[in-house]
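**Q** Each chain, letter by letter, is given below.
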Amino acid sequence: MTNMPILKEREKQIYQKGAQAFDMTCEKKSLAGSVSQRACVFCGSRVVLYPIADALHLIHGPIGCASYTWDIRGALSSGPQLHRMSFSTDLKEKDIIFGGEKKLYGSRVQLIDKYHPNAAFVYATCIVGLIGDDVDSICKRVSDEKGIPVLPVHSEGFKGTKKDGYKAACDAMAHIVGTGSIEGIGELSLNIMGEFNIAGEAWIIQDYYEKMGLEVVSVFTGDGRVDKIKRSHGAKLNVVQCSGSMMHLAEIMKEKYGIPYIRVSYFGIEDMSKALYDVAEHFSDHPEVMEKTQNIVRKEIQAINPVLKQYKKVLSGKKAAIYVGGAFKAFSMIKALRSLGMEVVLAGSQTGNKDDYKLLREMCNDGTVILDDANPLELSKYCIEKGADLFIGGVKERPMAYKMGIGFCDHNHERKLSLAGYSGMLNFAKEVYSSVKSPVWKFAPEKKLS
Amino acid sequence: MLLRHTPKEITERKALTVNPAKTCQPIGAMYASLGIHGCLPHSHGSQGCYAYHRSTLTRHYKEPVMAATSSFTEGASVFGGQANLLQALNNIFTIYEPDVVAVHTTCLSETIGDDIPQIFGKARADGKIPEGKFVLHANTPSYVGTHVTGFANMTKAMVDYFAKPAEHKENRINIIPGWVEPSDMKEIKRIAGELGVKFIMFPDTENVLNGPQTGKFAMYPKGGVTIDELVSAGSSRGTIALGRLTSGPAAHALDTKCKVPCEILDLPIGIKATDRFVDSLRKMGGVNVPDSINIERGQLVDIITDMQAYFYHKKVGLVGDPDQLEALTEFLVSIDMLPIHIVTGTKDKKFEKRIKSLTEGLPCKVNVKSGGDMMLFHQWIKNEPVDLLIGNTYVKYISRDEDIPFIRFGFPILDRIGHSYFPTVGYQGGMRFLEKILDALMDRQDRDSSEIEFELVM
Chain D
1 MTNMPILKER EKQIYQKGAQ AFDMTCEKKS LAGSVSQRAC VFCGSRVVLY PIADALHLIH
61 GPIGCASYTW DIRGALSSGP QLHRMSFSTD LKEKDIIFGG EKKLYGSRVQ LIDKYHPNAA
121 FVYATCIVGL IGDDVDSICK RVSDEKGIPV LPVHSEGFKG TKKDGYKAAC DAMAHIVGTG
181 SIEGIGELSL NIMGEFNIAG EAWIIQDYYE KMGLEVVSVF TGDGRVDKIK RSHGAKLNVV
241 QCSGSMMHLA EIMKEKYGIP YIRVSYFGIE DMSKALYDVA EHFSDHPEVM EKTQNIVRKE
301 IQAINPVLKQ YKKVLSGKKA AIYVGGAFKA FSMIKALRSL GMEVVLAGSQ TGNKDDYKLL
361 REMCNDGTVI LDDANPLELS KYCIEKGADL FIGGVKERPM AYKMGIGFCD HNHERKLSLA
421 GYSGMLNFAK EVYSSVKSPV WKFAPEKKLS
Chain F
1 MLLRHTPKEI TERKALTVNP AKTCQPIGAM YASLGIHGCL PHSHGSQGCY AYHRSTLTRH
61 YKEPVMAATS SFTEGASVFG GQANLLQALN NIFTIYEPDV VAVHTTCLSE TIGDDIPQIF
121 GKARADGKIP EGKFVLHANT PSYVGTHVTG FANMTKAMVD YFAKPAEHKE NRINIIPGWV
181 EPSDMKEIKR IAGELGVKFI MFPDTENVLN GPQTGKFAMY PKGGVTIDEL VSAGSSRGTI
241 ALGRLTSGPA AHALDTKCKV PCEILDLPIG IKATDRFVDS LRKMGGVNVP DSINIERGQL
301 VDIITDMQAY FYHKKVGLVG DPDQLEALTE FLVSIDMLPI HIVTGTKDKK FEKRIKSLTE
361 GLPCKVNVKS GGDMMLFHQW IKNEPVDLLI GNTYVKYISR DEDIPFIRFG FPILDRIGHS
421 YFPTVGYQGG MRFLEKILDA LMDRQDRDSS EIEFELVM
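Protein chains in written order, with my numbering: chain D, 1 to 450; chain F, 1 to 458.
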């Protein structure tokens, strides 16, 4: 099994540092027939918009797309829970033949009358792209009649990758941005972008910024509210996290409203602190911000460092495999794992681009395997070959890791503890420790390749 | 309250499903395909479909779920998916080396109009399907039927593709278990084994989706019906199909194609349905019912009689799939409980009729709806509360909001374990079901009773 065949076309999506010249291919459509861990355009749009809790999310298509995305992401809301319900036009054969427009209009009107949302998103799924429903004009008509933004999200599954879905979501939100009053928004203000409040992470980050004396105008989209998005163009800075899910909107806002953006990561002490300092740096006309920031960082690090040191003692030398959606997340993770004394032996992503992989290569040690759009066979092969003690991934990777007798940490939708910020780093260390050092792996037979 | 947005007042909704009690065909086809040994399910559509199916099945079983996809692009959606499927078959047989590839379609490929048998023909002619390897397909457009239909279609495809007619019938029967858990399939096989009946079961997900921890990741776990067995299904002397909707079409197809007569029964959930199953096994297999089975039956009856006071006229709300609900309704009525709200997302004319006849003598009004959703179910409960809820994981919202005890049963179960290991079919499964019902009701009684009333012995 060590000689597991690799598809010829995939050879350039796999790289082992030190063993070969770097010439990685990425941003390719997955090969037909590969057991990729990727998803579709709709998935990208859905995850980005889903946390907007006072909007109504209607999925226009057959029932499946609505069922599979019904409240599966732990994006918390402090108020409305409308986003946790599942609305679908539930298209049937007749609708496919005669078009689903009438159904879309009817359901839209009925829903808005009943739930009084502050905005409504209509997700066009695969089939809608084929039968040619004019989703745009129906949305406009309902919007005119009901007086709230009703926005089409062009997320036909086959029209690209998850990244294109992020873009479609950003395009939809761009229609809301700039429609509210920016009165009262001061100089020291920002939007948090690309933070979805999984396990309450946006609240932690927002709290840091507020302690720095900054006003958070809107979070995109964790614990999101339509009214806040409407006035978000009043903020003086966009702080963008994550691998580009919100970059498109940040670009639009830069162009249209002249709001600069910076990219950050809230994961791990190093990147978390850098994020706060970078933001403080941006407001350097107000030196008190930097002063407060230094205090916060010092206090937070002091609070968690002694505990982290304890974890580091036991985790030193352990090996980790990382497989994430966007590569950006992998960078922070490598640093965070290193700060725990752990070595990354495999790093991969579903949707990384050339620059991402270049940077990954620079960060990794010799021998580390770098994968783009990997399949389960490749993941398991390298996990075993490289002797990984921990796998960091999402829902589909978890049972694979457990079958191999390897510890696991979910850094995706199913994380149960917040992993962002300083307290998040502590949670992360705790989770890694409890999984890697769990006595249950002793029950597992010796790790084998096949 | 999570579902605070659910109004008590019920208004007609035609163009809208809120909180679905169903999902689409392809996931049912994928689950059925996993019940073939060495099979890689293949989704002929865009990448998201199979990612969602794999994730949902993974969450339900806590097992790796393997499948491939045609990865449709814009080009494929204009010019058809033939090139994608040909490339896919080539890649799959080269790299992942399954014995079988089971292709199911999606709304996308169905609307485009891809002709799968024709594409298979071309693949074979081009040498993309190696000697000794197999393919099959089911048409599973997402806009027709539900996940239940998809399961039934793929199970029927196993017959259409492989069962071989034979003049001479063997002393052996086919058992089509329907969409039940791997644990249920195991239990059905155990019962048949206890009776000494020779059988072929398909599909069979035991040891595929409830496998042991082995220290390795295997793309193709040990279980599943083999192609040889599917071929031989045509020479069995009869078929017992469990579940009218999920197993009926395959059983009829076997009858038509191979002249294997069939009996279509309810899923063996509860005492009466299990009695009928055991009796059919006895007659079709020409065997006697051994004491071991009689003892199990007696134990189930013993629990029912011991605890009848706790079951008496407790109101129950059920949501799930038709085959499960019909059997379960009969079971609950037989132990003197009152299933009063019954919703399935799958539209089926016979369902409502059957439920009505099963609940005919009950001293209360019974609401039943096929093609309904969880919102309607919740509204009924708001209007007429129940003592117990039975349904998939999504019922937990209603359970929490209305503070009603809840038993997880059906698909999907995303937040508990057990269903893949412990059956709910057969007499033993019935005992487990009763234990669950009693635990839920008695825990509630303990929680709600005052200190004065709090009882030690129950």
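Rather than coming from a laboratory, the hints here were simulated on the basis of the structure.
The beta carbon of each residue, even a glycine, is placed where N, CA and C say it ideally should be.
Honestly, I wouldn't trust all of these hints.
Ranges of calculated distance between the beta carbons of each label pair, as one might list FRET restraints [what the hints assert, rightly or not]:
#, chain 1, residue 1, chain 2, residue 2, range
1, D, Gly106, F, Ala125, 57 to 63 angstroms
2, D, Lys430, F, Lys164, 54 to 60 angstroms
3, D, Ile6, F, Pro130, 50 to 56 angstroms
Within a straight-line C-alpha distance of at most 27 angstroms, the following computed DSS-like cross-link-like pairs (lysine-lysine) qualify [to be verified]:
#, chain 1, residue 1, chain 2, residue 2
4, F, Lys353, D, Lys94
5, F, Lys122, F, Lys222
6, F, Lys222, D, Lys442
Which residues of chain F face chain D? A few of them, derived with a C-beta cut under 8 angstroms, are [said to hold, decoys possible]:
#, residue
7, Lys14
8, Gly48
9, Ala51
10, Tyr52
11, Phe72
12, Leu108
13, Phe217
14, Tyr220
**Q** Which numbered hints does this structure break?
**A** Hint check: 1, 3, 5 and 14 fail, others pass.
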